[in-house]
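There are 2 protein chains.
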Amino acid sequence: MAGAAVKGVAAAPLAAFIRAALERLGADAFSAEHVARGLTETSSRGVDSHGVRLFPHYARALEAGRVNGRPNFRFESRFEGAAVLHADDAFGHAAGVKAMDWAVERARRLGTASVAVRRSSHFGAAAYFALRAAEQGLVGLAFTNADALVVPTRGKRPFFGTNPVAFAAPSSDGEPFCLDMATSQLNWNKVLRARESGEALPPAAAVDADGRETRDAAVARALMPSGGYKGFGLGAMVDILCASLTGGPCGPDMLPMFTSPIAARRDIGHYFLALEPAAFDEAGALARRVAELRARLRAEPPLDPAEPVLAAGDPETAARRLRETDGVPVPEADRAAFAVVARKVGLTLPWEPV
Amino acid sequence: MAGAAVKGVAAAPLAAFIRAALERLGADAFSAEHVARGLTETSSRGVDSHGVRLFPHYARALEAGRVNGRPNFRFESRFEGAAVLHADDAFGHAAGVKAMDWAVERARRLGTASVAVRRSSHFGAAAYFALRAAEQGLVGLAFTNADALVVPTRGKRPFFGTNPVAFAAPSSDGEPFCLDMATSQLNWNKVLRARESGEALPPAAAVDADGRETRDAAVARALMPSGGYKGFGLGAMVDILCASLTGGPCGPDMLPMFTSPIAARRDIGHYFLALEPAAFDEAGALARRVAELRARLRAEPPLDPAEPVLAAGDPETAARRLRETDGVPVPEADRAAFAVVARKVGLTLPWEPV
Numbered sequence: 001m002a003g004a005a006v007k008g009v010a011a012a013p014l015a016a017f018i019r020a021a022l023e024r025l026g027a028d029a030f031s032a033e034h035v036a037r038g039l040t041e042t043s044s045r046g047v048d049s050h051g052v053r054l055f056p057h058y059a060r061a062l063e064a065g066r067v068n069g070r071p072n073f074r075f076e077s078r079f080e081g082a083a084v085l086h087a088d089d090a091f092g093h094a095a096g097v098k099a100m101d102w103a104v105e106r107a108r109r110l111g112t113a114s115v116a117v118r119r120s121s122h123f124g125a126a127a128y129f130a131l132r133a134a135e136q137g138l139v140g141l142a143f144t145n146a147d148a149l150v151v152p153t154r155g156k157r158p159f160f161g162t163n164p165v166a167f168a169a170p171s172s173d174g175e176p177f178c179l180d181m182a183t184s185q186l187n188w189n190k191v192l193r194a195r196e197s198g199e200a201l202p203p204a205a206a207v208d209a210d211g212r213e214t215r216d217a218a219v220a221r222a223l224m225p226s227g228g229y230k231g232f233g234l235g236a237m238v239d240i241l242c243a244s245l246t247g248g249p250c251g252p253d254m255l256p257m258f259t260s261p262i263a264a265r266r267d268i269g270h271y272f273l274a275l276e277p278a279a280f281d282e283a284g285a286l287a288r289r290v291a292e293l294r295a296r297l298r299a300e301p302p303l304d305p306a307e308p309v310l311a312a313g314d315p316e317t318a319a320r321r322l323r324e325t326d327g328v329p330v331p332e333a334d335r336a337a338f339a340v341v342a343r344k345v346g347l348t349l350p351w352e353p354v
Numbered sequence: 001m002a003g004a005a006v007k008g009v010a011a012a013p014l015a016a017f018i019r020a021a022l023e024r025l026g027a028d029a030f031s032a033e034h035v036a037r038g039l040t041e042t043s044s045r046g047v048d049s050h051g052v053r054l055f056p057h058y059a060r061a062l063e064a065g066r067v068n069g070r071p072n073f074r075f076e077s078r079f080e081g082a083a084v085l086h087a088d089d090a091f092g093h094a095a096g097v098k099a100m101d102w103a104v105e106r107a108r109r110l111g112t113a114s115v116a117v118r119r120s121s122h123f124g125a126a127a128y129f130a131l132r133a134a135e136q137g138l139v140g141l142a143f144t145n146a147d148a149l150v151v152p153t154r155g156k157r158p159f160f161g162t163n164p165v166a167f168a169a170p171s172s173d174g175e176p177f178c179l180d181m182a183t184s185q186l187n188w189n190k191v192l193r194a195r196e197s198g199e200a201l202p203p204a205a206a207v208d209a210d211g212r213e214t215r216d217a218a219v220a221r222a223l224m225p226s227g228g229y230k231g232f233g234l235g236a237m238v239d240i241l242c243a244s245l246t247g248g249p250c251g252p253d254m255l256p257m258f259t260s261p262i263a264a265r266r267d268i269g270h271y272f273l274a275l276e277p278a279a280f281d282e283a284g285a286l287a288r289r290v291a292e293l294r295a296r297l298r299a300e301p302p303l304d305p306a307e308p309v310l311a312a313g314d315p316e317t318a319a320r321r322l323r324e325t326d327g328v329p330v331p332e333a334d335r336a337a338f339a340v341v342a343r344k345v346g347l348t349l350p351w352e353p354v
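First to last, the sequence lines map onto chains A and B.
Using the working numbering, read the first sequence as starting at 1 and increasing by one per residue.
Using the working numbering, read the second sequence as starting at 1 and increasing by one per residue.
Keep in mind that the hints were calculated from the coordinates and are not lab data.
Remember, predicted model here, so these are calculated numbers, not experimental data.
Note that CB positions come from ideal geometry on N, CA and C, so glycine has one too.
Be a bit skeptical, because a hint or two may be false.
Stated by the list, open to error - Covered by chain B, per the in silico footprint, the following chain A stretches (three or more residues, Cβ under 8 angstroms):
id: 1; region: 79–90
id: 2; region: 109–118
id: 3; region: 176–183
id: 4; region: 293–303
What the hints assert, rightly or not - If you only want the chain A side, here are some residues facing chain B, beta carbon under 10 angstroms, derived:
id: 5; residue: VAL165
id: 6; residue: LEU234
id: 7; residue: SER244
id: 8; residue: LEU286
Here chain A stands alone, though its shape is the one from the complex (with noise of 0.2 angstroms):
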């Protein structure tokens, strides 16, 4: 596979690598794996912003003591089809799948369950969750809050963090649907992209210093709530699902990922659901007709025909098709950042010849 054509990194490798400096560095080895495959997977998926480029820094939060690699998981279950996940300040990948396997696990007796984690840490892209289930034929929902970076409508400083939504459900087309979605207009890396680029931001996306809406990447230093008050209040309900059910910081309580000291915890809550379709109707009949809607959706007639309707989750199933031949892509800068990290452990990079 090696060779001038390939443009990126092939997924497998960069796995590995992953799970295996992470490991040297002292995280156990359900942590490691599942940190290698949310990271991996998600790049796999066109998600650069919530995939590999993350791991450097998940690195030395491991190092740091901000994430703690050997977790003792803890469920506090006072009811059947509920629970509560203390994840002692483990990574946010390992916590997430723990938590969404019991409410799959569950939800295949009950119907319906739903598990709430406290002291967590940054868990990637919520897809990565909702899909878990999805792929197991259930449909999934995964909920994170995260620090201060939205601000209300009407505010002037940020107050909710971008508190993704994720639903996935499964599809007998092969691919689970999957909308993943932040509450807030953009997320902060196309802010930072239109930065270097000079491009204008588009509107009702980002506010400056005082709070004004403004079109200049150069001044954002926040982002406002998709479609206005909706965003908000959808930001709003993820809180209180991820941090006022259990009693864990709010969005102004959290220390910012990237700019508090690394050693410091930050505890994320997180919220997963997850419903069996076999409790609503015959075993794969919701299979089928969400690989119908969607067959639908996409013969919808296009205002532009060069730009055919896609349903959520198209963009990434493409991208995940192009990557499985063309690799991952990672930046010059990210190399360097990965090649920080296999000095210190002692491993050969993924693209490094063997």
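Dock chain B against chain A, hints included.
Relative to chain A, chain B alone:
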């Protein structure tokens, strides 16, 4: 309470009139009660689009047989924490209350529970059902699908309905936190009002007959999703929960509410979810934290001091306080439509002296 100073109609006699009229038209007590309460409480919260103005339409739908006023509700529950309610073409308000009450009862025992509803009809405001859970101390979510009115991102004709998402959580300050949002940027009523006033529509809110964005309400024929592809994805999520789970029709397969024959049944689907906060922390903790969160949001510095930051549901709470004294405004056209029903069933109108 009568007199020249009363601008509106007091809620209690309004509800009593609707209840009595529906019973005289053949509805059973449960159906009449919940349509009357649902419409009146929604009007009391200032949401006139989904309030008592719908009553004359509901009365015609009942008379014509679109809606079954004496439904035989049947729960089909193969799993303890989930069920399908076969609603027998009931009023959506009645079906929704039955379904949410089932979810609340099971969530109290299991922590999490949900109900999908088949063969229902228009249920008014989704908030009514989410609030019903929150008023009993639980977190409630309510969703419904609807006939096609919102164009897919990149599409040119409507596919999903306005497919709302409602979320409510208990709060120790006495008023549940409540978000109720269409997944379109506007509701159709705002387009109708802009047609009357001649005001321009906001950007990215409506399209003309060719599917092109327009700010001219006179030529608007369909709505755009809230926040672009995000609202489109949320609308799909709502249709999957309300229709794909059980096999009900999705947006384009559903008869429109006002323009299809009044005897035709519509087979609307709903989905309700309830969470017991005591499954996640000590009883009462969530309600205290929601009250704190709301107080903090309201105290956030506003961009314009004349427009304080509001939490989801605050405008509705303010409207309710006002209307508790001033009554519910019932415009002349609606009064005339009420009068037609009143004559038919031999009842005195709630704004007439007895």
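Now the hints, each set against the structure:
1. Coverage of the region 79–90 of chain A by chain B holds in this model, with 6 residues showing a Cβ closer than 8 angstroms to a Cβ of that chain against a need of three.
2. Evaluation of the coverage hint for the region 109–118 of chain A: fulfilled, as 7 residues show C-beta separations to chain B shorter than 8 angstroms, against a requirement of three.
3. Beta-carbon proximity to chain B at under 8 angstroms applies to 3 residues in the region 176–183 of chain A; the threshold of 3 is reached and the given coverage holds.
4. For a cut-off of 8 angstroms, the count of residues in the region 293–303 of chain A with a CB near a CB of chain B stands at 7, and the three-residue condition holds.
5. The restraint placing A:VAL165 at the interface with chain B holds, with a minimum CB-CB distance near 8 angstroms, inside the 10 angstroms limit.
6. Interface restraint check: A:LEU234 against chain B, minimum CB-CB distance 7 angstroms, threshold 10 angstroms, status holds.
7. A distance limit of 10 angstroms between C-beta atoms decides the matter here; for A:SER244 the minimum to chain B is near 4 angstroms, and the interface restraint holds.
8. Nearest Cβ of chain B to the Cβ of A:LEU286: about 6 angstroms, under the 10 angstroms cut. The hint holds.
Of the numbered hints given earlier, the model fails none.
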